[in-house]
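K.L.:
Sequence:
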Amino acid sequence: MRSRSNSGVRLDGYARLVQETILCHQNPVTGLLPASTQKKDAWVRDNVYSVLAVWGLGMAYRKNADRDEDKAKAYELEQSVVKLMQGLLQCMMRQVAKVEKFKHTQSTKDCLHAKYDTPTCATVVRDDQWGHLQVDATSIYLLMLAQMTASGLRIISNMDEVAFIQNLVFYIEAAYKVADYGMWERGDKTNQGIPELNGSSVGMAKAALEAIDELDLFGAHGGPKSVIHVLPDEVEHCQSILCSMLPRASTSKEIDAGLLSVISFPAFAVEDADLVAITKSEIISKLQGRYGCCRFIRDGYRCPKEDPSRLHYDPAELKLFENIECEWPVFWTYLILDGIFAGDLVQVQEYREALEGILIRGKNGIKLVPELYSVPREKVEEEYSNPHTVDRVAMGQLPHMWGQSLYILGCLLAEGFLAPGEIDPLNRRFSTNFKPDVVVQVCVLAESEEIQEMLGDLGITVQTMSEVLPIRVLPARILSHVYVRLGNCKKLNLSGRPYRHIGVLGTSKFYEIRDRFYIFTPQFLDQHHFYLALDNQMIVEMLRTELAYLSSCWRMTGRPTLTFPITRSMLVEEGDAINPCILATLRKLQDGYFAGARVQMSDLSSFQTTSFHTCLSFLENDDSLLEDEYDEDDDEYGEEYNTCGHSGGSKDMFDRYLTQLLHSTTTKCHLPPIQRGQHHVFSAEHTTRDILSLMAQVQGLNMPKSSMYLPVTPAMNKLRRSLNLLEVPHLQHGPHAKQQKLHSAADLHLPRDSQGNTDFAALVKQLKECPTLQDQADILYILYIMKGADWPVELSGPGQGGVSVRCLLEELYVQAGACKEWGLIRYISGILHKRVEVLAEACTDLISHHKQLTVGLPPEPRERVITVPLPPEELNTLIYEASGQDISIAVLTQEIMVYLAMYVRSQPALFGDMLRLRIGLIMQVMATELARSLHCSGEEASESLMSLSPFSMKSLLHHILSGKEFGVERSMRPIQSTATSPAISIHELGHTGATKTERTGIHKLKSEIKQIFSGGLSLNSNVTSPRSTRCSSPSTPSGMLSPVGPGPADGQLHWEERQGQWLRRRRLDGAINRVPMGFYQKVWKILQKCHGLSIDGYVLPSSTTREMTAGEIKFAVQVESVLNHVPQPEYRQLLVETVMVLGLVADVDVDSIGGIIHVDRILHLANDLFLTDQKLNSASEYFLEKDPATGICNFFYDSAPSGSYGTMTYLSKATVTYVQDFLPSSSCLMQ
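Position 1104 of the sequence shown, counted from 1, bears residue number 1108 in my numbering, the numbering being contiguous throughout.
It is worth saying that the hints were derived from the structure and are not from the lab. Ideal placement from N, C-alpha and C gives every residue a C-beta, glycine not left out. Mixed in with the good hints, there may be bad ones.
Derived SDA-like pairs (lysine to any residue); straight-line CA-CA distance at most 20 Å [what the hints assert, rightly or not]:
no.: 1; residue 1: 1217; residue 2: 1125
no.: 2; residue 1: 77; residue 2: 43
no.: 3; residue 1: 43; residue 2: 133
Pair by pair, the computed Cβ-Cβ distance ranges are [stated by the list, open to error]:
no.: 4; residue 1: 365; residue 2: 911; range: 40 to 50 Å
no.: 5; residue 1: 164; residue 2: 516; range: 55 to 65 Å
no.: 6; residue 1: 94; residue 2: 664; range: 36 to 46 Å
no.: 7; residue 1: 612; residue 2: 441; range: 14 to 24 Å
no.: 8; residue 1: 516; residue 2: 660; range: 16 to 26 Å
no.: 9; residue 1: 69; residue 2: 383; range: 47 to 57 Å
no.: 10; residue 1: 660; residue 2: 911; range: 40 to 50 Å
no.: 11; residue 1: 869; residue 2: 131; range: 22 to 32 Å
no.: 12; residue 1: 1156; residue 2: 1208; range: 26 to 36 Å
no.: 13; residue 1: 460; residue 2: 346; range: 54 to 64 Å
Make a model of the complete structure from these sequences and hints.
P.N.:
And the structure:
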């Protein structure tokens, strides 16, 4: 018999350690591991981590086998792993109904349980008795299932299990928007059962989705049907949300040691090496102690100040846990593994030595990893005074099986028994490696031969859709329908993937279905239910965004292929030439570089060999395809896709299924043709808004009147006015209002019958004769409200059969789209309650990036806050309610939400210092900017805003968000155009004509501010937003302080041309809730030194700091909730500047700066000082004029921060005056 080698002896030692600490606890029936001898239940996460050492040891034995017994030992260990993984699968499959339900609800009550009964796989607590929703637990199971399968283990045994795993993929793919309880099962750290979005869950889900994509669950013995499919856009969503969160862990935890599992082994979910380093360094600097790392700051679990008799904490109690949190050795095992994978031998050695020092020796000298180390109760005060000095005692489970397993795995790797690639066969460890540039393949197709000829004449050679056969080109929504079949399993009652939109990563692949090739056009060309795709400039803008996204986010082998069809709507109005912006785009694509992306243009057949291919075998032999009924709305589709398919008599079931999905009836023309130069049916004083107001009254609704808080003069008191986003509200009360309502109804001159009721037959006759789109829309809206959407309009005469009002509105929508009548398109979209297809996704994107949304015009309660993702219908209803049933505002709200989501994905830096996006206020700012630039009334500006093209609307929004200066100009449309809405162009301005002081703005703030305190306090911090450094160009005079309503004062600018720039800047920043960098941390410091801050009557108490740390988003939300009670945006911004100055005073080395500090009093004191100085300088009455709403001098609002008469000077003096009793006398000599 051969003697045992040294390595064999050492391996046997680890085998004994694994047996005595882990495998001896494994249940012989289910294969599950209890958490410890005290806790008998089996946690999913703990089980997966605990079995990793067994898996690693099995591979080590197989690799280092000295004799046959070693191979037998390897097989035994591997089968223990398989048994445990199958046991967990059985637990979850027993809850298959929850998986099905959760896909649609994402509710904490419909999720898989976090722990199960070890001997029976049954549940142990009710749905509402535990924080069960832990996406990271399901994700770590899927991730390690993929890794173990790739290493050669056979865990999944039949197609039903494959279908279940596919549905688990759907279960976790929405992780980026699911608030769960996280890996510590507590959710929010107050431990009150409040779920929150956790970075550890999002990261683990992202890793699991990437690992299991295109993996054959039967390993080497499988075929196409046992392959798992993941949609790449879901992975990318998780990636972008994770990157926007890190190093923060959640809204209540500014850092969490659990993120080590995301940035390193096992997930390796972050691709940015710098972000990995920052997160790791934050964990080590803020959480590491002498015995391991704390889980997060102010973690009360098992620490001496925790009250074990209750589960939850009082918010103010959390401060007690600071500096005495328990330290967990398990995190050092992660850092050992991190060092091994990074090749950092010094880190490995350092943490192995540290860990050896805190292990506990058990029976026969085996080394055990304890769960945690706690401060002894009698030494708490000593630890408070000198953190990390007291000797701690081990508590909790011994061994902590999860930590024990990772410790053994680290030893096997560090001692060379295993190579890193063996426990990471899917190569996730290379996620931060350099990735080569992606070349995006663009295939331009012509919808018809006519368009093909036009492009050919211009030197652009393209194919038509029919010429690319046998490759079939289809719209993106068809792919969504196809994926509904994925994971479908009747035996388990699993329905497959919920119908969701497919992103551009998913549509940029070739699909092989039933031996035929398919390619899909991107989603942005597919939005037939909303009007964004009707604007060619918008199409170009979305193409630019999607190409940039593809080149930066493509992770698959092969190149992405984007198909771009040129359709009739991309021609000029006459239809005899390609639209110039589309043509310019095609020229750029030919050059090979567009929107920062490398592109290559060619035909589809030449791209086939270099593209990524996905084989969707789940549709093979699926004969139930034609059984389902589809929503009628989904069948409105252009004919262009139908022309390229097989004939209608195709025998192939799948082809017939696609034809059924594509089926659409051509719209017949019922309405009369449009004539130019005709008079309106209704009198000229009645605009679209009048009709809206009247119909609202018919329904018994009260239309909202809104204000931008401008000093405006009342408009002439017309009974009904056009939409005016800038109007001061006038509420009507009593009998006079009722009388006015009746009078206004008569004013519309609706035809009457002999009884005095509305004569609908005459109204229909007017509809047949009216020559303009606007009149047709108005009459149809009146019919829609008074008779309903399905009322038949008998345009052909009595008895000929009517056409429903809805159908006529749809026809009018198409006509308005062809004429690019944007105001009318939005009007009809609102009447039909059209919903942007990606509205819910847009809302989710913004919320997942830690932004709160409000919809509706201020103030509350009309303005509604959205803090969690909502289902599409619920969101749509909320928007219409918040808009006061004003369809124009509701439609614009949806549009702006979509643009904000586009920017938060493509330019997240724009939103860096904004927490709450108030869409109603943003709309008012947009109207204000138009009123200012075009020197028109608020009413005209609001109408102009509604008439902007989607591209111009998006550009205007971008300029407002970015803080850049821009100009707005009127431009005349060509005479032959059918559009009647004014054309407005928006363009960025340079600094031409601005003085040097204006150009530098507040960049020179530090050097220009006077030293108010000698000694310890210097004002060296910016008090305005870093992005707000541009000043208005003097070439754009501000009308902000001039009346915007119609009247004799219209257009008079009292101020010199350069005035108004700082007021405007503050108003913009206040409206979009932008704050300076570090603002919330400054507020936290101030609250540490006083009893609270009072802002406009609302108090932010200092007790908030006992619950929340300075870096928590939760704290920032609390501050914002107080600031948002201030209705005037410019006043809010001055209050923010006041708080920043107060923050500088709080930096002085004093214990207290007062009780409740009234911030508005400091601001008014500064305003009084300013007025005193102005009077001394003999300023005219006009310059001393105050804003009646706030009492602040208008000229003070418009003062630059710096300079001897700047706001900073006066705010600093006022602040010191207010708190001087608390400052040391040596450091507060006022100048």
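K.L.:
Could you run down the list of hints and mark each one as holding or not?
P.N.:
The hints, checked one at a time:
1. Annotation: proposed proximity of residue 1217 to residue 1125 is violated, straight-line Cα distance about 28 Å (limit 20 Å).
2. Taking the CA atoms of residue 77 and residue 43, the gap is near 29 Å; set against the 20 Å cutoff, the hint is violated.
3. In summary, the hint linking residue 43 to residue 133 is supported, as the alpha carbons are separated by about 17 Å, within the 20 Å threshold.
4. For the pair residue 365 and residue 911, the supplied restraint of 40 to 50 Å is violated, since their beta-carbon distance comes to about 56 Å.
5. Taking 55 to 65 Å as the suggested C-beta distance range, the pair residue 164 and residue 516 does not conform, at roughly 25 Å.
6. For residue 94 and residue 664, the Cβ-Cβ distance of about 39 Å falls inside the hinted range of 36 to 46 Å, so the restraint holds.
7. In this structure the supplied range 14 to 24 Å holds for residue 612 paired with residue 441, their Cβ-Cβ distance being about 22 Å.
8. Judged by the Cβ atoms, the range 16 to 26 Å given for residue 516 and residue 660 holds: they are separated by roughly 19 Å.
9. As the Cβ distance of residue 69 to residue 383 is approximately 51 Å, the hint placing it in 47 to 57 Å holds.
10. Distance hint for residue 660 and residue 911: a CB-CB separation of about 45 Å, consistent with the stated range 40 to 50 Å.
11. Against the hinted window of 22 to 32 Å, the Cβ-Cβ separation of residue 869 and residue 131 comes to about 28 Å, which satisfies the hint.
12. Taking 26 to 36 Å as the suggested C-beta distance range, the pair residue 1156 and residue 1208 conforms, at roughly 31 Å.
13. Between residue 460 and residue 346, the C-beta spacing of about 56 Å keeps the proposed range 54 to 64 Å intact.
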